[in-house]
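The listed protein sequences correspond, in order, to chains A and B.
To get the numbering used here, take the position in the first sequence, counting from 1, and add 3.
To get the numbering used here, take the position in the second sequence, counting from 1, and add 43.
No wet-lab data here; the hints were simulated from the structure.
It should be emphasised that the depicted structure is a prediction, and the values quoted were computed from it without experimental measurement.
Check before you lean on any hint, since a few could be wrong.
Simulated restraints, written as ranges between beta carbons of each label pair [what the hints assert, rightly or not]:
(1) B/G87 with A/A98: 36 to 42 Å
(2) B/A172 with A/D21: 45 to 51 Å
(3) A/E84 with B/F114: 30 to 36 Å
(4) A/G63 with B/A140: 52 to 58 Å
(5) B/Q196 with A/A98: 37 to 43 Å
(6) B/F114 with A/K524: 57 to 63 Å
(7) A/E491 with B/N186: 16 to 22 Å
(8) B/K139 with A/R17: 30 to 36 Å
(9) A/G189 with B/D203: 41 to 47 Å
(10) B/E121 with A/R575: 24 to 30 Å
(11) B/A172 with A/E318: 28 to 34 Å
(12) A/G34 with B/S155: 55 to 61 Å
The list that follows gives simulated cross-link-like pairs (lysine to any residue, SDA-like), each with its CA atoms no further than 20 Å apart [what the hints assert, rightly or not]:
(13) A/K483 with A/K351
(14) B/K158 with A/N81
(15) A/K136 with B/D102
(16) A/K483 with B/D102
(17) A/K374 with A/G187
(18) B/K158 with A/R176
Taking beta-carbon pairs under 7 Å as the criterion, some of the chain B residues facing chain A (in silico) [said to hold, decoys possible]:
(19) Y88
(20) E91
(21) T113
Think of the CB as a built atom: it goes at the ideal place given N, C-alpha and C, for glycine as much as any other residue.
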Amino acid sequence: MTTTENTLQIDGRRVAIDGERNLLELIRKSGIQLPTFCYHSDLSVYGACRLCLVEVEGRGLSGACSTPPEPGMNLRTNTDEIREIRKISVELLLANHDNQCPTCPKSDGCGLQRLAHQLGVEKVRYKSVLTRKPIDASSHALVRDPNKCVLCGDCVRVCREIQGIGAIDFAHRGHEAAVLPAFGSGLAQVECVNCGQCTVVCPTGALSPKPEMDETWRDLSDPDLTVVAQVAPAVRVALGEAFGLPPGTLSTGQVVAALRRLGFRHVYDTAFAADLTVMEEGTELLGRVMKREKLPQFTSCCPAWVKYAEHFLPELLPQLSTCRSPQQMFGALLKDRLPQSLGIPREKLRVVSVMPCTAKKYEARRGEFAKDGQPDVDRVLTTQELARMVKAAGILFHELEPESFDMPFGLASGAGVLFANSGGVTEAALRFAVEKITGEPLPGVDFHEVRGEAGLREATIRAGGLELRVAIVHGLGNAKALVEAVREGRAAYDFVEVMSCPGGCVNGAGQPVGRERDGRKKRARGIYEADKTMPLHKSQENVFVGACYAAGLGDIGGEKAHALLHTHYHGRPLAAETRSEERE
Amino acid sequence: MTTLSCETPETQDHAPALMKILERHERRRDRLIPILQEVQEEFGYLPEEQLKAIAAVLDLPAAHVFGVATFYTHFALEARGKYVVKLCDGTACHVKASIPILEALQKRLGLSDRKKTSADALFTVETVACLGACGLAPVMVINEEVFGQMTPQRAVELVDELARKEGGAP
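Use the sequences and the hints to build the structure in full.
Listed below in structure tokens is the structure:
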């Protein structure tokens, strides 16, 4: 077929069809931003919101998302009739919506608000029929407010299709239809792993990260408390977005300065704890490889993946690294060291994490990460929350002079910073393990074979006489498929890195929700740039990590290190297995 | 290299009656609706425990099974009475005054739109969209028996009669 034959008309302009799956893709590619609620290119087509209606000559109105392009079609995207229908659709949603926008967590990024404004909806002609339903605040990580749900189902599909879970689904019917966990239980009572990707795709405030800002403000203003912060690697390439900077802009120094202005006594780098993790997890891996046992070793730094494994793959738990995540290693270490060095009682110290992640909120509340009833990490703020606190304090982020992390726990290698990216934990571990195996310095520190975007990446690394077979997956659906392949003998690895969020922590649900399609790639690039600009590239070069072992942690992987830096896992029932009396 | 075990976590002590139904349908996910129908026939309604067991055996998210079970009005998630009174509220029955019948029955049995089953577990009163017998409107069905051209008074009499037969006074 020649090019002229493989074209169609969009509002009188001829446009070539180039393998687009549906009219919506083609129309958007041609520069017309058709409105949608229920369409995400990574998810299946649902066709419920009816906002992408277009007129197909000879056929009438069709949903662009669910109509494949055909040569010769003549489309109109902006007629009086279409505009009126779109307006009516939004008005009907608003008539059934809890329109308390100023106090809504999605206030600055709400799709419903944006489209109502763009489509010129200036009043709602229908009487409100909202009957208030209870808010589900059972989870430590997420809040579900059914009064703000527009039933687009984006959350249902991301949970089922990307994460392979299905913790929420449509229930009931007609005007009673709702998105619910099984049997209407709370999110905390079902197999939700707190990854929060549902909050990323939710166009409204129906699903949102659970805030801990008020509690943090209270801690900061309590003169009896010493409040310190740890900042995850992914935060430094995304916080700027909340202040209008492009995704991937490296603003480590401004993040530190902002936290000091907010009143944090010391600001530390979670990448320091990531370096510590590399030492422990890398040593654990080499031990298992030498003994050929409990392989492949799965990473354990992603709390959503850990909870997923506890629910769905209990027989796999012995293969998870026993290492705590960097957040929790750091919490335990800071609560162990700082009281002595600062001369304060442990109960007067507060450790606040700034994380790109909602599942970290849940992780910090796990019973095993506490001593005498006091958690190792007291509060977890998302990048979004930090941005709001900075704004609340009136701090002009752009004008902040960069400041450095506090020492000694602010020193990190580039390897520790790589933890933010899918593939980064693997690369950091390889920079350690390969040197350890060969006993010689690496000729180059970059392992390009483990970088990239693909949902599953595999590489075989040769070091000394050894072959390390590594795999990297992101998105729990991909993890599920990998585990099945290993079970059925279709694949074999020594080391598997799992991150729940597509792209890894840079794309965590705590990050500012950007509308830029390439945002996640730019953040990932920002992380690799950060690694390049840092003086150290290997965790084993981090002198303060070494000093920690010398000053009390003892041997890497030794008894004291185990007590402070490692953990254990336990199987958890699925919603399908929970007895009703176990739920609240 | 250690390999992962292949056991599936589905071998719990589910009700034998349920397992029989699931086996008859070869544990196929695409048989979910007929499975739910048969389980409802077996248990009188769809108990939560059975729905969870179905989800576990078919390896479906419980939220999905719950979603299907709540979508169809045919499925009941609560125990129903010995006599299930279905009052048609389709267009024809509605215009022939089905609602006063419903109200009379609810009043007589101490029920509401939320509370559909009487305290003595004898009666469940619910409305259905259309029974396909519009010529007899308003129509009521008690278990399998159809009653046409109902009035509030006649409906209450029928219920009272059944209650007397069961030896209680409603």
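- [ ] Closer than 7 Å between Cβ atoms is the bar; does B/E91 clear it against chain A? Give me holds or violated.
- [x] Holds. Min distance 6 Å.
Open item on the list: Within 36 to 42 Å: is that where the Cβ-Cβ distance between B/G87 and A/A98 falls?
Closed with: 39 Å, holds
- [ ] Please test the hint of 57 to 63 Å on the beta carbon pair from B/F114 and A/K524.
- [x] 39 Å, violated
Task: Status of the hint placing B/Y88 at chain A (closest C-beta pair under 7 Å) - done: 14 Å, violated
Open item on the list: Check whether the Cα positions of A/K374 and A/G187 lie no farther apart than 20 Å.
Closed with: Violated, at about 34 Å.
TODO: Given the range 45 to 51 Å, decide if the beta-carbon distance of B/A172 to A/D21 lies inside it.
DONE: 47 Å, holds
TODO: Would you check the hint for B/K158 and A/N81, treating anything up to 20 Å between C-alpha atoms as holding?
DONE: It is violated: about 49 Å lies between the C-alpha atoms, which goes past 20 Å.
Task: A/E84 versus B/F114 beta-carbon gap, inside 30 to 36 Å or not - done: 32 Å, holds
Open item on the list: Holds or violated: A/K483 and A/K351, Cα atoms, limit 20 Å.
Closed with: Cα-Cα ~42 Å, so violated.
Task: CB-CB spacing for A/A98 and B/Q196 relative to the 37 to 43 Å hint - done: 40 Å, holds
Task: Restraint check for A/K483 with B/D102, where alpha carbons must lie at most 20 Å apart - done: 13 Å, holds
Open item on the list: Does B/D102 sit within 20 Å of A/K136, going by the straight-line distance between their CA atoms?
Closed with: 30 Å, violated
Against the hints set out earlier in the document, violations occur for numbers 4, 6, 7, 8, 11, 13, 14, 15, 17, 19.
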